[in-house]
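Chain order of the listed sequences is A and B. If you count the first sequence from 1, position 423 lands on 422 in numbering that gives the first Met the number 0, and the numbers rise without skipping. If you count the second sequence from 1, position 474 lands on 473 in numbering that gives the first Met the number 0, and the numbers rise without skipping.
Check each hint, because a few of them may be wrong.
Which chain A residues stay away from chain B? Per the calculated CB distances, all over 12 angstroms, these [stated by the list, open to error]:
id, residue
1, ASN97
2, GLN150
3, ALA205
4, GLN521
5, THR555
6, HIS740
Residues from chain A shown here face chain B by an in silico Cβ test under 7 angstroms; the list is partial [to be verified]:
id, residue
7, SER325
8, VAL841
9, TYR856
10, ALA866
These aren't lab readings, by the way, just hints derived from the structure by calculation. Note that beta-carbon positions come from the ideal geometry of N, C-alpha and C, so glycine has one too.
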Amino acid sequence: MPSLTRDKPGPAYWRSLDEHANTPEFQEFLQAEFPTLAGELQRPSSRRRFLKLMGASLGLAGLTACRWPKEHIVPATRQPYDRIPGVPSHYATAFELNGVATGLLVTSYEGRPIKIEGNDLHPFSRGRTNSWMQAAILELYDPNRSQRVVQREDQAITPHRRWDEFDAFVSQHFDELRTSRGSRLCVLHENTSSPSFARMKAKFRAAFPEAELYEYEPISRDSEIEGARLAFGTPLRSHLHLDKADVIVSLDSDFLMTHPAAVKYAGDFAARRRPVDGKMSRFYTFEGGMSLTGSLADHRTAVRPSEIGVLVRQLARQLADELHVSDTPQWLAPAKSESSVDHKVIESLAHDLAAHRGRCAIVVGPNQPPEVHAIAQHLNAWLDAPGNTVSYTAEPDAERESHVANITRLVERMRAGNVDTLVMLGGNAVYDAPADLEFAGALEQVPTRIHLSLYDNETSQLCSWHAPRAHFLEAWGDARAWDGTLSICQPLIEPLYNGRTPTELLALITGDSTTDGHKITQATFNELVNGDETVWKQSLADGIVKDTAWATESATLAGFSPPTSDTSGEWDVVFTPDYSAFDGRFANNAWLQELPDPITKLTWDNAALISPADAAELGIDRNGQQIEITVGQRTLNVPVYMLPGHARKTITLPMGYARTTAGAVGDGVGFATHSLRTVDGMSIAGASVKLAGGFHELIGTQDHHAIKSEVGDAAMQGRIDDLAREGTLDEFKHHPNFAKHRVHHPPLESLWKEKDYDGHKWGMAIDLNACIGCGVCSLACQAENNIPVVGKDEVAVGREMHWIRIDRYFKGEPTAPNVEVVHQPVACVHCENAPCEQVCPVAATVHDEDGLNVMVYNRCIGTRYCANNCPYKVRRFNWFYNHHGPAHPRSKKHGTSPFPGKLAQAELTDVEKLANSPFVTVRSRGVMEKCTYCVQRINAVKIKAKNERWESIPDGMITPACAQACPASAITFGDLNDPNSAVRRLHEDDRAYAMLAELNVKPRTAYLAKLRNPANRDSHTDHGNEHT
Amino acid sequence: MASVPNEIDNTWNRPGERAPLITGGHDFTSLTDVACGPAETYRPPRAWYIAFTISVVLLAILGASIGYLIINGVGVWGVNNPTGWGFAIINFVFWVGIGHAGTLISAILFLFRQKWRTSINRFAEAMTIFAVMCAGIFPGIHVGRIWVTYWMGPLPNQMAMWPNFRSPLLWDVFAVGTYATVSLLFWYVGMIPDLATFRDRSKNKIRRFIYGLFAMGWTGSSRHWHRFERAYLILAALATPLVLSVHSVVSFDFAVSQLPGWHTTIFPPYFVAGAIFGGFAMVVTLALPAREMFGLKNIITLRHLENCCKIILLTGTIVGYAYLMEFFISWYGGNQYESFIFRARALGPYAWAYWTMITCNVLAPQLFWFKWCRTNLWVMFIVVMMVNVGMWFERFVIVVTSLSQDFLPSSWHYYVPTAIDWLTLAGSFGLFFTMFLLFCRFLPMVAMAEVKTVMPHADAHAHVPASRSFDYNPDDFEPEQEQK
């Protein structure tokens, strides 16, 4: 071989033929592969030095991969008192969304978090959570999370940069900027209440006096803050005390779901929905789309969101009459026009409010313009709400401009070429900034773009540096609750991918001496709180820092002249946060994607929600037909979901979909509703709509189109009141056990002698009146019980796996403006006379000694007879090996038929496996599964009780995951044999009934009938005609 | 297929005179020649080859789709959350039902001294065996964990677990198991004299050895005949209750559960009637081409076919009555879930399936009130094909409509079978026809020994005109040693 002869100068030693030939390609490869070593490698004499370098770097790489905190490298020689192998421990931390924190208690098993619960010491959690908090576990273990620092320079992507390279870049780059006082440096960050971040911001400002900081959130409460500024002269934060409110009026507000304090509000709201001494709260809603909160209203009026400004003035005029307000305020003067709402409704509402002065509250949603908020604040003041049902604290960061103004100014500056370095701490502005700003284009004007993010997302893709952000479960931090209560966030696990927090990165950029999150947090704490180490430890353990809530402020009304907001357009388009994806940040969370929307029951999609009457006018007869929405210059084709009770000429567009680089789960799911949001129409916009043609199959877990029929619809209307029983408060007062008389059946006799359960007799009670239908029980159950996600195609064929589902029924004519909604959680009811057990040929489902209907997975052969014979249809079958990774083709795209040869049954990655609870069997293919009443939790307590020789298990010791998560405390679990247990009392409640009891299955789960509390308008108004 | 004029019409009924059951002037020898023909010829008719090729391809599809199922899981079918059972159980009930006609013909008609059964009983029994084979596949493969299906059997095991004797699925295991065993035994025992004929007519050693092995040393001695007749009678008596019990037990799978539309007491008789109905349709479906293909028109005569049609008419009407009665009871019972499911069957999303069923099962057989329809082979063929389809749809309607729309409307979900479902169904026909065509080729498809007893020659007074009684009484009758 001639090339091997030494006829030309080449290296004496070579590692490959390419190297020997010393081609330009090889040189290139060398440069790319070992940029720092390229010089060394090309000097043949220093092979020894090369080996030294490689050895050292390997050693160092090993060290950096070491996952133990460097502070504690000495292994314990004795077992720490709180560490028992196999026994999980719990740590308090906090979850922050849009600048408001909620306390959490996280279960950690052998050093890995496996389950999130609310922190019962935290005033805004009280032990409860919402879906986003529950799903954070899956996000932590998401293999699509960004794992490395990435540099993208002039189309060259170097995806394997190390942090030290990034650090070196930062120190060099920002040292240079420091000399120029940061005049061309901008920072864009998310809304956060973290005092550490605020402290670091101050330090940053000191280091870079001319740099600018911007804050942006796509879903913002700015309008509410602005409204408070109008009403009080200074922005005050309103705190609702729904537990004291007899009458609640919601104006386009979804305060039970998307409000930052929703978990607490749901609890307070639900508390007043339980009749006590024949009293419960009354809830009025005026809204465009049907929010989950609105679906619970006693009087729900569908009204175009742009009309609410008129409506609230109408209400104000009426109230001024009722309350004899003498001087007509300035803001009442304009807008004499009337809304489309029947005036009698407003009259009776005003009358009801006036009759409940001091015991009522008006809540306005964040989509409404500031003046509606301001007017509502005035009305609340007229109604003596402040101090009773509403209190105020100062709004933190009050001088901040609105988020839209922030991002607009930033983009203007970028376009003007006045930004050389842009640091983005979190967020995904390329995706969620107002579409007309064309953030991506502006970003190209910035030479150095740094993005810290949990995912290598749309924004990261356009940045010169992307750095992985630490998940909140793996990082130190602090955050404030809605009322200012400070929480310390402590890591549950060392960062899986060496991520850093925004605070840490800001410290690094600032050049602060401390860039360690732990030390920063503790330093902030020491500044804020007087106290020694024990206070710190106590705060960590409790999850809250005592007495850090803001002081209540008194509000004085200020006059204002309202700006005239005008959203003209044939149609109103309303942008709402999605109940699963929120603003898109949770798009790659498969649990959330598969959690059915509480109202539409859609999974893995968003849709344009419109009223069935409008749909009919547009020529739409089936969900999924597409319409073309035009807002200004922008158009979008979206499939339609006909939502009964939706306001006319209004379209609700949930945001957070059509992500392009969300990850394997979220990519390409849903429609780009955010692309219609402009600076002037971030919440509500005028639009024109026409039928676009085209069809996109929307997949829900209920109301499948193909099974719809006239007989079916008729039968459904006939039987829903037997299943999810409801009545009015008046009916309840006159006939307390009305629910028991909805269905009459002959005496239920058994063929054989039934077993008596004289030990424990576990049972459950679900209060339909308290249930708000949010679905967090489904998600908590999924997290607790290792329930797999099956993907859109499998949901389409009805194979979703949720052990507890929320049945949602509409009542009344679909096209009527005011349909009623019932939410009914259904899980296995643990029939004592279980029809499933009888038919299983291999006795794989049997009763245990406490009367639990248990599934023996090992014995199950999968005949599915049990599921067929289950009248509640709560059994779930593993049609495939469902514990697949996100690479599963069926979880990605709809339209891929499940055959042939498409059934990759990928194993979970090691990281994904960490999310599974070790206390619950991971079920394989071909096995039936269902709710166990969280038998692992029951047995943990029973074992403890036995070991410690308790006389009995105290009521409330055992809480299934669903009951624990429920913000409304609608689910109660306990021992029916304990005469003092809460569940026993609820089973004996007047409202209690057993669904399908006539089948003689003896369910252990009782439902408590739903009550509505409509105003008796005949007696309140002079006008006789009823409007309901 | 031949048209009517080519047939010898023996469907007449004249007072005092019996129509001949075997036409074409056959004597014992010529009958033996004709009946043995298909098995002895070197070259079966081309139609047999075509049919066999198609059947084997379908059989291969069955194997492939079952393999695919086992590799991937039951999810490859269209079954879903409310509808836990789909094609597999439909096919199971369908095939078990098919089998019933064979047993009815061979056992009950034997006990009732229905002489015309002799021409068709052998292949009807074979049909039973093969149908039960097809049926047996489905409960086995429809479970989630196929590798532990055997847990349904009462086998001693390390878990010290018995199956759950309260489960109708377990009753199925026993019922179908018993049925398969008795049917196989009955079929085989009845075949022994004919196998001996085959043995004796064999022209090569292999055939002689194999047929000889299965003929179990039959010599045709009086003692053999005597034992044979006794055994046959006993087996017929054993098989008779099975005709009623098996499909009753299969119907318990549905009737014992509490699903609206399943939980009805009419199911056992209705299922049995339906099974016989569907089974006879399948007998005619098989007989029409077989008699053409193998020249058996004088043995399986028009009269036989007409008799089958009469039974189809009777059982079809019973089935129609059952459909009607279900509706009446669902209204009369006043149970909202029950009444809904029947309204939904007729008017709901599966109305297409329901009306297919009614058309095929109730309306089509009514044509058989007319003798012209009972004796026209084409009409007959179309009607029995419709009945085959209709009986499959009956099971579809029962299984799918009830499951997909039960108590809680939130769970309702439409059932859509996948391609694998259809291929498995088609494949099961492949198995059935492959077995049947092999049977036609290698085993005596006409029960020669029995047919001969109903021929005039069997009578001691053979010279007496055919109007004499042909009554066959084993006790006073010694059959001739017809072949040596």
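Hints and how they fare:
At roughly 33 angstroms, the least C-beta separation between A/ASN97 and chain B is larger than 12 angstroms, which holds for a residue marked as non-interface. No beta-carbon of chain B comes within 12 angstroms of the beta-carbon of A/GLN150; the shortest separation is about 43 angstroms. No Cβ of chain B approaches the Cβ of A/ALA205 within 12 angstroms, the least distance being about 59 angstroms, so the stated non-interface status holds. Consistency note on A/GLN521: stated as away from chain B, and its beta-carbon is indeed over 12 angstroms from all of that chain's, at 51 angstroms minimum.
With a minimum CB-CB distance of about 51 angstroms to chain B, A/THR555 clears the 12 angstroms threshold, and the non-interface call stands. For A/HIS740, the requirement that its beta carbon stay farther than 12 angstroms from each beta carbon of chain B is met, with the minimum near 16 angstroms. Hint on A/SER325 is violated. Least Cβ distance to chain B is approximately 54 angstroms, over the 7 angstroms limit. Using the Cβ-Cβ criterion of 7 angstroms, the hint placing A/VAL841 at the interface with chain B is satisfied: the shortest such distance is roughly 5 angstroms.
Checking A/TYR856 against chain B: minimum C-beta separation of about 10 angstroms lies over 7 angstroms; hint violated. This hint holds: A/ALA866 has a C-beta 4 angstroms from the nearest C-beta of chain B, less than the 7 angstroms allowed.
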